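Q: Residues per chain are reported as follows:
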Amino acid sequence: MIHNEMSRRRLLGLGLGLGAAATLTLAGCGGGDDSSGPAAGGNGGKDYTGPKVDLKLWNGFTGGDGEIFKTLVNQFNSEHQNIAVSVATYQWEDYYNKLPSAASSGNGPDIAVMHMDQLATFAARGVISELDDVAKTLQLTEADFAPTVWQGGIYNNKRYGIPLDMHPLGFYYNKSVMEKAGLDPNKPPTTRDDFTAALTELKKSGVQGFWISPFQFTGGMSFYSLIYQFGGSLFDAEVSKATFNADPAIEACTWMVDMIKQGHSPANVGQDAEYLALKSGKNAFTFNGIWQINDLKKSPDVQWGVAPLPQIGSKPAAWANSHNFTIVKQRANNANKVSASKVFINWLSQHSLDWAKGGQVPARKAVRESAEFKALAEVSALAPELDYAAFPPATPGLGEVITTFYNSFNEAALGKKSPKQALDDGVAKANKQLEDNRKKYGS
Amino acid sequence: MADVIEVGAARDDAPPPAASAARRGAKSANRVGRATPYLFLAPYLVLFTVFGLLPIVLGIYLSVHQWDFQLPNRPFVGLDNYKELFSSDSAVFGDWWQSVRATAIFTVISVPLLMVVPLGLALLLNRSFPGRTFFRAVYFAPYVLGVAVIGLLWRFLLDANLGLVNRLLGVVGLPADTPWVTDVPWAWVSLVGVTVWWTSGFNAVIYLAGLQDISPELYEAARVDGATAWERFRHVTLPGLRPVLLFVMTTTVLASANVFGQSFLITQGAPGTETRTVVWYIVEQGLRNNDAGRAAAMSIVFALMLAVVSLANFRLFRYRED
Chain B
8 MIHNEMSRRR
18 LLGLGLGLGA
28 AATLTLAGCG
38 GGDDSSGPAA
48 GGNGGKDYTG
58 PKVDLKLWNG
68 FTGGDGEIFK
78 TLVNQFNSEH
88 QNIAVSVATY
98 QWEDYYNKLP
108 SAASSGNGPD
118 IAVMHMDQLA
128 TFAARGVISE
138 LDDVAKTLQL
148 TEADFAPTVW
158 QGGIYNNKRY
168 GIPLDMHPLG
178 FYYNKSVMEK
188 AGLDPNKPPT
198 TRDDFTAALT
208 ELKKSGVQGF
218 WISPFQFTGG
228 MSFYSLIYQF
238 GGSLFDAEVS
248 KATFNADPAI
258 EACTWMVDMI
268 KQGHSPANVG
278 QDAEYLALKS
288 GKNAFTFNGI
298 WQINDLKKSP
308 DVQWGVAPLP
318 QIGSKPAAWA
328 NSHNFTIVKQ
338 RANNANKVSA
348 SKVFINWLSQ
358 HSLDWAKGGQ
368 VPARKAVRES
378 AEFKALAEVS
388 ALAPELDYAA
398 FPPATPGLGE
408 VITTFYNSFN
418 EAALGKKSPK
428 QALDDGVAKA
438 NKQLEDNRKK
448 YGS
Chain Y
34 MADVIEVGAA
44 RDDAPPPAAS
54 AARRGAKSAN
64 RVGRATPYLF
74 LAPYLVLFTV
84 FGLLPIVLGI
94 YLSVHQWDFQ
104 LPNRPFVGLD
114 NYKELFSSDS
124 AVFGDWWQSV
134 RATAIFTVIS
144 VPLLMVVPLG
154 LALLLNRSFP
164 GRTFFRAVYF
174 APYVLGVAVI
184 GLLWRFLLDA
194 NLGLVNRLLG
204 VVGLPADTPW
214 VTDVPWAWVS
224 LVGVTVWWTS
234 GFNAVIYLAG
244 LQDISPELYE
254 AARVDGATAW
264 ERFRHVTLPG
274 LRPVLLFVMT
284 TTVLASANVF
294 GQSFLITQGA
304 PGTETRTVVW
314 YIVEQGLRNN
324 DAGRAAAMSI
334 VFALMLAVVS
344 LANFRLFRYR
354 ED
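Protein sequence lines, in the order shown, are assigned to chains B and Y. My numbering applies: residue 8 is where the first sequence begins, and numbers increase by one. My numbering applies: residue 34 is where the second sequence begins, and numbers increase by one.
Honestly, the hints are just simulated from the structure, not real lab data. For clarity, every value in this text was computed on a predicted model and none was experimentally measured. Where is the CB? At the ideal position from N, CA and C, for every residue including glycine. Just so you know, not all the hints are guaranteed correct.
[As the list claims (entries may be wrong)] If you want a taste of the chain B side facing chain Y, the calculated C-beta under 8 Å gives, among others:
| id | residue |
| --- | --- |
| 1 | Ala109 |
| 2 | Ser112 |
| 3 | Gly113 |
| 4 | Gly133 |
| 5 | Glu137 |
| 6 | Pro192 |
| 7 | Lys194 |
| 8 | Val276 |
| 9 | Gln278 |
| 10 | Val309 |
| 11 | Gly406 |
| 12 | Glu418 |
| 13 | Lys439 |
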């Protein structure tokens with residue numbers, strides 16, 4: 008799905024590009040009004056008894072998940088006579104560019120769905136409100152969620168997002184290809200030794216079993232996961248220095264580049280090629296997002312399975328991100344709308360089981376532990392990753408730095424530079440970008 | 034309107050001598066006359082001011098600030114945004130010059146091809162042969178497609194391991210593992226090739242219009258004088274096309290320098306950021322990194338570079354006219 012989503016995102020990126028000059032200046036006209044304080048009002052989302060309000064909600068669910076989300080919203084609307092939520096869906100890339108200007112001109116939504124790694128940037132830029140009172144009144148605590156997800160919603164000691172779900176990287180395998188190589192298709196490798204042994208068998212049967220994509224989707228994200236598996240990290244604890252050229256990262260990168268050298272992956276894998284090759288039986292294993300489950304279900308001829316990432320390094324870890332609900336600061340603070348928004352967020356969080364059918368692991372523990380969720384075999388297979396998921400840190404302006412990280416992996420995976428050289432160069436640049444960010448956002 | 038009625042009324046009153054009516058008419062036409070050119074210019078002037086002049090002025094203003102429109106604090110930074118483009122220890126220096134280099138490479142390879150290939154096409158399509166209209170449509174057709182469509186299409190066709198292009202090359206016994214979109218120089222071959230395929234039709238149509246403006250008598254006269262086909266092309270066609278050539282050259286250089294979608298979609302900047310172009314990098318800084326000031330400074334520096342190139346163009350063609 009993201010594979011579609013990505014393509015579509017890129018299309019929109021283009022539209023943006025063409026209008027870039029104009030947009031830049033329009034943005035200038037937008038004018039930031041930062042006078043609105045934290046969103047007060049209501050009893051933090053317990054219930055809403057005021058006059059009827061219309062709420063606008065924006066999200067980026069352009070795939071099948073968008074329909075599921077709308078169904079949930081309709082159900083909410085029919086259960087709440089005095090709240091009417093209307094949904095608008097945009098491509099994520101477009102969405103994040105559009106939201107700030109819409110909000111500051113008074114045309115923005117009341118509720119915005121946002122990825123966890125965007126929260127800090129949007130909070131620092133004054134687009135979204137603090138939500139500590141929602142958590143308090145609804146008695147939501149870390150215990151109700153996975154700690155990794157719950158902590159990701161916090162920036163500068165204040166909560167800005169209520170997590171809806173998490174979407175980790177999973178380990179997809181093609182059962183028919185495994186079978187042909189004499190491997191047990193129901194026992195995907197879980198350790199480094201198993202994994203390498205399986206690749207050796209696959210190679211004997213003439214299959215390059217683990218295609219290494221040089222792009223963010225999905226080679227870069229696999230590398231991201233492996234850095235944490237080898238005990239490393241992208242940044243130091245304060246996110247003041249990049250650390251993705253430390254030994255664990257070099258080790259992880261070398262392991263991946265060696266896949267190409269040892270003939271387990273062709274060189275120059277194109278965008279999405281590793282996934283298309285898996286579907287067409289040319290590739291056996293790939294790490295890809297949980298969102299691909301729904302896409303694979305559309306191809307009944309493909310015999311596939313999905314499991315948590317095998318442990319290649321010294322501990323388990325997997326890249327993950329999470330969708331969060333946020334409340335957008337408004338020019339004119341309408342207490343009724345804010346309190347109705349909180350009611351909606353709480354309701355949807357409780358009903359996130361249906362959301363899981365859209366191919367995401369619910370953030371809420373009670374939902375995750377329900378029998379109904381466990382019945383969703385593929386999605387729930389990835390739920391264990393929640394305990395050790397490597398979420399992006401909550402620091403504003405990190406987008407460009409992460410791009411630098413992925414670009415340096417690209418150079419290594421395409422053999423333009425040695426892993427060490429590529430990562431050293433990337434870190435040198437990333438540190439300058441982090442310094443720029445510190446100047447811009449303070450702290 | 035009022036003037037028309039006035040003239041009519043004057044005629045109705047007591048029929049004045051024709052000369053007087055003419056004088057009165059001329060007088061009112063004069064009054065309107067002074068405003069007429071401005072009225073005709075007004076619509077364009079308004080658009081130019083709103084979408085051309087104001088953004089430029091605003092862009093210069095932004096470029097001397099650290100400008101995130103969402104942050105309350107947008108400090109004046111003087112020429113810092115410009116200086117960092119030229120100081121090698123800044124965060125943007127490397128990426129910026131890499132993007133300039135990528136854009137320059139693309140422009141230098143693509144412009145000659147986009148000048149010559151469409152000219153050849155136009156010459157062929159200008160002859161009369163059965164199915165001419167069909168072929169004119171066929172060569173123009175790719176231009177109708179959006180960059181998103183052709184970008185995705187070619188990304189899949191050019192994929193090193195799964196793409197049709199390498200498959201076909203393999204069938205005819207050529208190397209079947211060329212990294213068309215992930216390594217240089219192949220990525221440049223792909224980007225330029227796709228662009229030529231995509232936009233040649235447009236330039237060809239312009240050339241075609243130019244060719245049809247050249248008087249057939251000139252060719253006839255040349256023929257009578259015994260000029261060969263090459264001499265007719267050299268001494269009749271090319272001079273006849275000079276204004277068209279200048280136009281095509283200028284617009285093609287600017288279009289090539291603005292390349293964005295092709296590399297964004299087909300190579301995604303790979304390897305590393307070697308095929309990331311200037312416009313892409315400006316968008317990245319302005320919209321993704323929310324640094325409109327820096328993006329504005331880059332835009333202005335880039336605009337100055339293009340202005341120099343365009344001036345050189347005009348001089349080149351004017352010189353030849355002298």
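Q: Are the hints correct? Go through all of them and say.
A: We went through each hint and held it up to the structure:
With a least beta-carbon distance of about 11 Å to chain Y, the hint placing alanine 109/B at the interface is violated under the 8 Å criterion. At about 11 Å, the closest approach between the beta carbon of serine 112/B and any beta carbon in chain Y exceeds 8 Å, and the interface hint on this residue is violated. With its C-beta approaching chain Y no nearer than about 14 Å, glycine 113/B sits outside the 8 Å limit, and its interface hint is violated. Checking glycine 133/B against chain Y: minimum C-beta separation of about 6 Å stays under 8 Å; hint holds.
Hint status for glutamate 137/B: violated, given a least beta-carbon distance of 17 Å to chain Y, over 8 Å. Here the hint on proline 192/B is broken, as its CB sits about 23 Å from the closest CB of chain Y, past 8 Å. With 8 Å as the threshold, the beta carbon of lysine 194/B stays out of range of chain Y, its nearest partner Cβ sitting at about 28 Å, so the hint is violated. Taking 8 Å as the C-beta cut-off, the interface hint given for valine 276/B holds, the closest approach to chain Y being about 6 Å.
A cut of 8 Å between beta carbons decides the hint on glutamine 278/B: the least distance to chain Y is about 6 Å, and the hint holds. The interface hint given for valine 309/B is violated, since its Cβ lies 16 Å from the closest Cβ of chain Y, which is over the 8 Å cut-off. For glycine 406/B, the interface hint holds, since its Cβ comes within 8 Å of a Cβ in chain Y; the closest pair sits about 6 Å apart. Residue-level restraint check for glutamate 418/B holds (minimum Cβ-Cβ distance to chain Y is 4 Å; threshold 8 Å).
Checking lysine 439/B against chain Y by beta carbon gives a least distance of about 4 Å; that is within 8 Å, so the hint holds.
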